[in-house]
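Visitor: Single-letter residue listing:
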Amino acid sequence: MVVTPPAGGVELSAVSPNWVTTRLDFLSNWARSNSLWPMPFGTACCAIEFMATAASRFDLARFGMERLSYSPRQADVLICAGRLPFKLAPVIRRIWDQMPQPKWSISMGACASSGGIFDNYAMVQGIDTIIPVDVYVPGCPPRPEGLVYGIMLLQKKIKGESFTDSDLRQEHLVDDAGMFLPPERVDELSEPFGNSIHQTRSG
Amino acid sequence: MTGVSPSVGALTAEFGSAILRTVVSCGDSIVYVTRERAHDILAWLKNTPGQEFDYLTDITAVDYRDPERPLEVVYQLRSLGRKADLRVKIALDGSAPLEVDSVYDLWKGADWLEREVYDMFGVSFVGHPDLRRILMWETYGEGYPLRKDFPLRGHFSRAEQVRQALAANPEAQYSLEELSLAQAMHDLPADMTERLRRGERGLVP
Chain U
1 MVVTPPAGGV
11 ELSAVSPNWV
21 TTRLDFLSNW
31 ARSNSLWPMP
41 FGTACCAIEF
51 MATAASRFDL
61 ARFGMERLSY
71 SPRQADVLIC
81 AGRLPFKLAP
91 VIRRIWDQMP
101 QPKWSISMGA
111 CASSGGIFDN
121 YAMVQGIDTI
131 IPVDVYVPGC
141 PPRPEGLVYG
151 IMLLQKKIKG
161 ESFTDSDLRQ
171 EHLVDDAGMF
181 LPPERVDELS
191 EPFGNSIHQT
201 RSG
Chain S
1001 MTGVSPSVGA
1011 LTAEFGSAIL
1021 RTVVSCGDSI
1031 VYVTRERAHD
1041 ILAWLKNTPG
1051 QEFDYLTDIT
1061 AVDYRDPERP
1071 LEVVYQLRSL
1081 GRKADLRVKI
1091 ALDGSAPLEV
1101 DSVYDLWKGA
1111 DWLEREVYDM
1121 FGVSFVGHPD
1131 LRRILMWETY
1141 GEGYPLRKDF
1151 PLRGHFSRAE
1161 QVRQALAANP
1171 EAQYSLEELS
1181 LAQAMHDLPA
1191 DMTERLRRGE
1201 RGLVP
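Residue numbers (our numbering), protein chains in the order written: chain U, 1 to 203; chain S, 1001 to 1205.
Isolated chain U, as found in the complex (with noise of 0.2 Å):
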């Protein structure tokens, strides 16, 4: 739903929520997470899970979302199912700008999410160092299910917003280079931990 300011009026991201906004709010709410367009970039094992989950035995068409988008400027969220090498990061940020708002995303499996066991120099620790994340989904890779309760919980957190929030899907970029995270910020997102502590070999 496009909300214009009038010319000269207030924004509505800047009035206090009341009946009509709420109102209006669960209209765009459910209609937005009910029709998700997922824009699945699929990298690793993880999107062999995702295509099983928009076959016909667990059926994404369930929630709105049988029309695979492999277009990013007609899909609303995006599905990194797989690890995502520093090589595919400016792809996957160029896919990610140049989705229209509103947009959200889903990061699949223990690699998209924290590097997974690529502790090295190749691999991104996390694609939340890169865009922004909605809901990670756990799993190595997970099962259908789980990122069927992934998309689930997607849709519970779109069913939780509202447009007087100003401040929502707003993305602060720290530098020309296109990180929305401060550099302290990423190093500390991608600290080892669990087992990869113990890979100190060469430094």
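Where hints are given, some of them may not hold.
[Unchecked claim] Each pair of labels, with its calculated beta carbon distance range:
hint : chain 1 : residue 1 : chain 2 : residue 2 : range
1    : U       : 159       : S       : 1191      : 33 to 43 Å
2    : U       : 188       : S       : 1167      : 19 to 29 Å
3    : U       : 169       : S       : 1127      : 46 to 56 Å
4    : S       : 1096      : U       : 167       : 52 to 62 Å
[Said to hold, decoys possible] Covered by chain U, per the in silico footprint, the following chain S stretches (three or more residues, Cβ under 8 Å):
hint : segment
5    : 1128-1142
6    : 1145-1154
7    : 1159-1169
Read the hints as simulated data drawn from the structure, not as lab findings.
These numbers come from a predicted model, not from an experiment.
Cβ atoms here follow ideal geometry from the backbone N, Cα and C, with glycine treated the same way.
With the hints as your guide, set chain S onto chain U.
Guide: Showing chain S alone in chain U's frame:
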């Protein structure tokens, strides 16, 4: 398939002292040759009747973390007609620059194999027509990842790696020919055409 390959005796008779030593490991014959004569030896192995190693299975390199022999470049050869294999190794000297002659003129398949060894180990192949990184992006500045002295997580901080990756231009990684876009050039948006023409690849270290 055990025992020394008959090619080893023929090589020793032909090249003498350029054949440093020969090893049989797990039934495979391995020939260590000098860096200077390696190209001649490989050409001889390919072109001589009775050898006919017409298929280059792989080129790779091994880093032994040993100052005496920093790197070995490995050529795995195969004769499709004779159904015979031979492994040729070049031990590189740590004090000299890591350079060997390209065998692209013998086997065209060496093109990407040598680029991969260059990318991962930093071995320069003299005479290669297009020696660029192939797995990592061209502006990658952290060094050569498969060397033993390369830290597992890279030299830079994660933030710096993310910043450099995001600053890269994904369209500029490939030439028009690699994208098979040469014929479609006039269909592209003007700004993309301009960027591709200028080859906006960033600073190649």
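Visitor: Each of the hints needs a verdict: does it hold here or not?
Guide: Hint check:
{"no.": "1", "hint": "159(U) <-> 1191(S): 33 to 43 Å", "result": "holds (40 Å)"}
{"no.": "2", "hint": "188(U) <-> 1167(S): 19 to 29 Å", "result": "holds (21 Å)"}
{"no.": "3", "hint": "169(U) <-> 1127(S): 46 to 56 Å", "result": "holds (54 Å)"}
{"no.": "4", "hint": "1096(S) <-> 167(U): 52 to 62 Å", "result": "holds (60 Å)"}
{"no.": "5", "hint": "1128-1142", "result": "holds (count 3)"}
{"no.": "6", "hint": "1145-1154", "result": "holds (count 8)"}
{"no.": "7", "hint": "1159-1169", "result": "holds (count 11)"}
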